[in-house]
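Generate coordinates for the entire structure from the input sequences, incorporating the hints supplied.
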Amino acid sequence: MKVVFLDSSKVEGLRNAINNDTEFKLAARFMSEDVLLEVDESRCIVKVQDGVVTEIKLNPPSDAYWSFSIKATAESWDKLLQSSPPPFYTGLNAGMMRGNLQIIGNMEVAFAYFWAMNRMLDMMRELQNK
Amino acid sequence: MFKIEAITGKYGYLTVHEVEYRVYFEENGEGIPLLCQHTAGGDGRQWRHLLNDEEVTSKYRVVAVDLPYHGKSLPPEAVGWWKEEYKLTKSFFVDFLVEFSHALGLDRPVFIGCSMGGHMALDLALERPDKFRAVIGLESAEFTPGLDLIWFDHPRISGEFKFANLFESTAPSSPENYRREVGWVYSQSAPPVFRGDLHYYSVEHNVTGQLQQIDTSRIAVYLLCGEYDFASTPEMCRQAASKIKGAKYKEMKGLGHFPIVENYKLCKKYLMPILEEITKIH
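In order, the protein sequence lines correspond to chains A and B.
Counting along the first sequence from 1, when you hit position 9 you're at 47 in this note's numbering, and nothing is skipped either side.
Counting along the second sequence from 1, when you hit position 125 you're at 203 in this note's numbering, and nothing is skipped either side.
The set of hints was computed from the structure by calculation and includes no laboratory data.
Just to be clear, a hint being listed does not mean it is correct.
Cβ-to-Cβ under 10 Å is the rule here; a few derived chain A residues that face chain B [unchecked claim]:
(1) Y127
(2) M135
(3) R136
(4) E146
(5) V147
(6) A150
(7) F152
Partial selection, computed: residues in chain A whose CB lies under 10 Å from chain B [claimed, not checked]:
(8) P124
(9) G133
(10) Y151
(11) M155
Glycine included, C-beta positions come from ideal geometry on N, C-alpha and C.
Here it is, written out as structure tokens:
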């Protein structure tokens, strides 16, 4: 199954779902960062400005700016995005510790907005399993 | 109707390592003393379901204490604590629990602890088997290095990071409100406390190569670990149990790192047989 945030037919729906999530709005209200998501060799950038996802840009150029990256294999993303994820794939921290997920880049920013990122993951899960 | 729980809370003054602490504890029940230890960065609120469980409190005097700097146990008045980095040491942790038990007149209590409390179960079994009749370690392991992250006490990162971190330590099938409650308690702890406790959890607690010394004829050892625990995994807990002759271990399916909070009803299915066995044997 194609990961929802790499599916051009679904990214707009995902963007709207994230922006409509009350918890994301609260947690990301001071956030203006670009977040790179990587699935094996595929990539997209989630652009957040003042707490609003303005764009999910597929196949960004290699020199595109991003604050931090959330990177995992397709196999790991598949587990992370299950509606009831298995052990070690319940969220980003679990994935980092045991699920072969990496967060790379500005860790201070990544952890400052960690709840926002986990809510984004929750929205991805909902859409992935629709 | 205003329903009042049977739990009572009190303050007592305890001197440990020559410093007096005003210590808060809650209790309920009669019978074998059961001393409950909260998690790193947590407090005795985590034991509210156990404290309210009549099936347990009909046989056990359940006592949940807030370590100094946690919950309602404020930092000590006699020490300029704000000038020092807070770090929980094994020595203090062990001695506090022993002194507190003695002060309350608990006769060889059963000790139950989760996370850092689970680690302490092993340390007590090793170092003070004379003072406790049994230990129940939830999410115990021999050694869990590398978790005392600077990010847990960082001027640019709020308590929401702790909330997020610990929320996802729970099982996805646990009730949403109780999963949120886990994170809520963490988000309320004072900035340096969680990381300071992790000094014990991730640095000072290391019983690698020592567990074989535990004599379960002196102190019974029961270990339980949640299926979804990624900090101290079921395999790590099982390994610890396998090195203690006579210890009993079970993996708690459908539970995470905070079984007593996130889904007490399910946790009780694993815990009650242990508590019943203790009443018969110990």
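Here is how each hint holds up against the structure:
no.: 1; hint: Y127; result: holds, 9 Å
no.: 2; hint: M135; result: holds, 5 Å
no.: 3; hint: R136; result: holds, 5 Å
no.: 4; hint: E146; result: holds, 6 Å
no.: 5; hint: V147; result: holds, 9 Å
no.: 6; hint: A150; result: holds, 5 Å
no.: 7; hint: F152; result: holds, 4 Å
no.: 8; hint: P124; result: holds, 9 Å
no.: 9; hint: G133; result: holds, 9 Å
no.: 10; hint: Y151; result: holds, 9 Å
no.: 11; hint: M155; result: holds, 8 Å
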